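Could you put the whole structure together from the sequences, leaning on the hints where they help?
Heads up, the sequence shown is in the UniProt record's numbering, so the first residue is 1 and it goes up one at a time.
Think of the hints as simulated: they come from the structure by calculation, not from any bench.
All of these numbers come straight from a predicted model, not from anything done at the bench.
The C-beta atom is built at its ideal place from N, Cα and C for all residues, glycine as well.
Hints are not guaranteed to be accurate.
Derived pair list, reagent style DSS-like, types lysine-lysine, alpha-carbon separation capped at 30 Å [as the list claims (entries may be wrong)]:
| # | residue 1 | residue 2 |
| --- | --- | --- |
| 1 | Lys850 | Lys863 |
| 2 | Lys206 | Lys237 |
| 3 | Lys378 | Lys441 |
| 4 | Lys471 | Lys447 |
| 5 | Lys133 | Lys87 |
| 6 | Lys591 | Lys632 |
| 7 | Lys614 | Lys591 |
| 8 | Lys591 | Lys571 |
| 9 | Lys330 | Lys237 |
| 10 | Lys517 | Lys481 |
| 11 | Lys124 | Lys87 |
| 12 | Lys614 | Lys668 |
| 13 | Lys447 | Lys481 |
| 14 | Lys82 | Lys124 |
| 15 | Lys407 | Lys330 |
| 16 | Lys206 | Lys124 |
| 17 | Lys252 | Lys133 |
| 18 | Lys133 | Lys237 |
| 19 | Lys441 | Lys517 |
| 20 | Lys474 | Lys447 |
Each pair of labels, with its calculated beta carbon distance range [stated by the list, open to error]:
| # | residue 1 | residue 2 | range |
| --- | --- | --- | --- |
| 21 | Asn776 | Leu836 | 23 to 29 Å |
| 22 | Gly557 | Gln380 | 54 to 60 Å |
| 23 | Trp466 | Leu538 | 28 to 34 Å |
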Amino acid sequence: MASFTNFLFRPTYHLSIAHYFLIFFLASSYPHTSKLHFGDALPSSKPCIDEERRSLLAFKQDLIDPSGRLSSWVGQACCQWKGISCKNITGHVEKIDLQNTYTYTLSVFDGEWDEMENSSLGGKINPSLLNLKHLSYLDLSRNDFQGIPIPTFFGQFKSLRYLNISHASFGGEIPAHLGNLSNLNYLDLSEESGYSLLELPSNNWKWLSNLSSLKYLSLEGVDLINTGVSLVIAFNKFPSLLELHLPTCHIKSLPISLGNVNFTSLLFLDMSYNDLKFPLPEWFFYLTSFRKLDLSGNFLGGPVPSEFQSLKSLEALDLSFNDLEGQIPKNFGNFCNLKTLNLANNQFEGGIQELLGGLSSCPNSELESLDLSSNKLKSQLPTSVGMLHNLKYLNLYNNDMSGSIPKSLGQLSELVHLDLSFNPWEGFLTEAHFTNLTRLKYFSIGKVIPRPTLPIPLIFNVSYEWVPPFKLHKINIGNCKVGPAFGAWLQSQTELVFVKLSTTGISDSIPEDWFMKLSSQVEYLDLSANQIHGKLPLQLKFPNALLLDLSHNQFDGPIPLWSGDNVVEFKLETNSFSGTIPLNFDQKFPKLEFLYLAENHLHGTIPPSICNMKHLYTLSLRNNNLSGEFPKAWSLLPDIMVVDVAYNSLSGNLPSSMGDSGSLFMLKMNNNNFEGEIPFSLQTCTSLRNIDLGNNRFTGEIPPWIGSTAFLVSTLRLRSNFLSGHIPQQLCNLGYLHILDLAHNSFSGTIPKCLNNLTGEIPQEICNLVLLNSLNLSMNQFSGNIPSKIGNLSQLDTLDLSLNHLSGQIPQSLSSLTFLSNLNLSYNNLSGEIPLGNQLQALPDSSIYKGNPFLCGLPLSTKCSEDGNSTPKDPKDNDNEDGNEKFWFYVSMALGFIVGFWGVFGTLIVKKSWRYAYFRWFDDIKDKATLCVRRLVCQE
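See below:
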């Protein structure tokens, strides 16, 4: 399915010929009106008929209108009421348009959904509408009738030509009575995918055959899994049908044969997001009148069938989100009428030279939108792209296109949206690349790399003074060298609402005037992973912003006192901010969900007002100089999931209220001075995955809820505390446990068997953990060979496999671990030559390999034979010698014990005064040791 980002930036399809025909036809259906209205009706010169006015009031009375949209429905002049249109001559009501016109922009953060719901009409539909005998247009779309059935009396509107009840949350079976609307030209029953409450049973669809006048039909979202084939056969009886919309209807196939294909007038077919597969039936390609065809989001696989070449009249073709592979068909370059081509999210390979060459050689290239994103396309971008003079939208995101970007791109004077990101481009972008891009609003290039180590391959080579011809709304640049300065070309972009300039090599201070202009309009601001320095303006308002990310830079000074009513994520981590955390964060950012202030130089306490941020999911204050107690009122944070305050100087007991929310996922409070017992209230946090309370002063026992109620824990680190008691058996229930560290405590009793004596071979799959830093499997019963692909763990710093029963040779790949600084393979049964390699040569300590008698080579003194094995003496040659040594060793040990034991204790038994003196001396030593321990405890 389409990702959220792709959906947001999907090109707007242009009005097809089908739409012109449809609008023309509907306009001709209203001979008594001076103008066709799709919005609010204009008042009629004739006063409305009183009986119809009363019917409208009865209809209004049964509606729920939370926002007062029908507040104008008062008085006698009902033809002037909002949404009502009457015939000029007779005064009869002919049109009711109550579509919810509130525009929802898919923002999940700013309360727009609540506002849309509030503007929706609901309730029930009063049959009084039947008194409107001349009603020809009824639109109740985009409201919320909460699953009530479509009224059966709708089938009695004999004059109705237009019926739109889409996205209005009607439910139940679609009434067969709609088949009585023989004059109906437009029918829209669509709903959002997965939300449709409408049903069209397999025994109740034939009524559709009666709607022979239909020009437009949409059943989007209606489940047609059992009726899809039959319905398509029925649609073949609609000779006038221009547009057919059947997306997300669970249609698995099309009928193999239709006999005579009658709906050849069909201009627009949308069967996106169904379950269709190739091959498509032969009759499908007889529909050569197609202007727009949308088969996106199906299961079409393999190469594109050659039969598509018959659809040369296409103006819009969408095959995105399928499994198409091979080369992009050459004949697509001959579709000179194409305005929109979308092949995104497939498996296409090769280049696009032939496609662009063909489209650019058309006498009058019509192409306006080209989306080839998320494929496997290679080679360079051909210079012929500059010949597509009408191109407005170009998306090559997420391919494998390389080389330099042609300067001819700068000739696309109509271009509005340009996305070249996530391709390994190289070279320079110059002023010539942007010469004529006067209409450009969206520009994206490069990619986000969390830890870039390689040189940045793409560089902006423009002069500091250069001012481009465009005014961008959205800019997205990652891992491309734009800096070191904020050039004039960036400062000239004062209309930006989306800014992402991450890892761009900027090492300048932020231009204050430019930043202040952005603050009033920007919705997304990301300047992370640069070397931007200086102090930020202390007071700024971001009324529209959702995200503010200035992390991983070199900012200093106090945390700015910014505000933003819609900000959900605020990131200032890994800078050099100092001072205290502002006391009124909860008032400045009332909707904040993610707060990152880690790795700065902040001091003071965590303000209690943090607990007033009722929407907070993540709090990251790691690695600062914070002190004092942890805030107590955590019951006010119902949704908190991540708390990371590690590496500070916080103290006191953990509040019992931390468990009140029950939503904690990660709790990292290590390397502080917390004390007391681990709160029992955390047992309500059944989703906990990561618990790190190490390096504190916690006392008491490991709480039994770890492994009982919280059984999903994968990391449990309690090392370096003052915990005591037994290690609970409940830890054996932690089936997802990856890291367990209980070292440096005062536990007693036996270790649960499930935590000791691991056996079997080390699985090869462990080599897939490519980000692993430390692997310690020592003191177990592992056997077999060391995994041959151990070298895949390229980030490994520590590897300890000692005290096992491993055998075979040490893998050569081990020498490729360039970060390895701690290695222990001692006391196994390893054999053969120790591999040579840069990193292993940097670890010359022979104790690494101790206890493996059949290993040879440096740094051991044992040399290898020609076959690579060690050449120790035959053990049989020294049997007698070893036996004599062992005999005299045991004899001397026995004699020494006898003499030593009886020489001391025999004297104490015989001589009473010595016995008293000895035990008095021992008691004095014990008292002094106890006193010293108490003093140390008091000092801490």
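Hint check results:
1. Taken as a hint, the Lys850 and Lys863 pair is honoured in the structure, with Cα atoms around 15 Å apart against an allowance of 30 Å.
2. For a cut-off of 30 Å, the pair hint linking Lys206 to Lys237 stands: about 11 Å separates their Cα positions.
3. In summary, the hint linking Lys378 to Lys441 is supported, as the alpha carbons are separated by about 27 Å, within the 30 Å threshold.
4. With a C-alpha separation of about 22 Å, the suggested pair Lys471 and Lys447 falls inside the 30 Å cut-off, and the hint holds.
5. Straight-line distance between C-alpha atoms of Lys133 and Lys87 comes to about 12 Å, which keeps the hinted pair within the 30 Å bound.
6. Simply put, Lys591 and Lys632 have alpha-carbon atoms about 21 Å apart, close enough for the 30 Å limit, and the pair holds.
7. Only pairs whose Cα atoms come within 30 Å are accepted, and Lys614 paired with Lys591 is accepted, the gap being roughly 8 Å.
8. Restraint check for Lys591 and Lys571: the C-alpha separation of about 14 Å stays at or below 30 Å, so the hint holds.
9. For the given pair, Lys330 sits about 35 Å from Lys237 by alpha-carbon distance, which is inconsistent with the 30 Å threshold.
10. For the suggested pair Lys517 and Lys481, the alpha carbons sit about 24 Å apart, so the restraint of at most 30 Å is met.
11. Our distance criterion of 30 Å between C-alpha atoms is met by Lys124 and Lys87, whose separation comes to about 26 Å.
12. Only pairs whose Cα atoms come within 30 Å are accepted, and Lys614 paired with Lys668 is accepted, the gap being roughly 20 Å.
13. The hinted pair formed by Lys447 and Lys481 meets the criterion: a straight-line CA distance of about 12 Å does not exceed 30 Å.
14. Only pairs whose Cα atoms come within 30 Å are accepted, and Lys82 paired with Lys124 is accepted, the gap being roughly 19 Å.
15. Between Lys407 and Lys330 the alpha-carbon distance is near 25 Å, which keeps this suggested pair within the 30 Å criterion.
16. For the hint pairing Lys206 with Lys124, the CA-to-CA distance comes to about 27 Å; that is within 30 Å, so the pair holds.
17. Between Lys252 and Lys133 the alpha-carbon distance is near 41 Å, which puts this suggested pair outside the 30 Å criterion.
18. Distance restraint check for Lys133 and Lys237: the Cα-Cα separation of roughly 29 Å lies within the 30 Å cut-off, and the hinted pair is therefore satisfied.
19. The hinted pair formed by Lys441 and Lys517 meets the criterion: a straight-line CA distance of about 17 Å does not exceed 30 Å.
20. A hinted pair counts as satisfied when its Cα atoms are at most 30 Å apart, and Lys474 with Lys447 qualifies at roughly 15 Å.
21. Checked against the hint of 23 to 29 Å, the pair Asn776 and Leu836 passes, with Cβ atoms roughly 25 Å apart.
22. Range check, Gly557 to Gln380: Cβ separation about 46 Å, and the 54 to 60 Å hint is violated.
23. Against the hinted window of 28 to 34 Å, the Cβ-Cβ separation of Trp466 and Leu538 comes to about 32 Å, which satisfies the hint.
Violated hints for the displayed structure, listed by number in ascending order: 9, 17 and 22.
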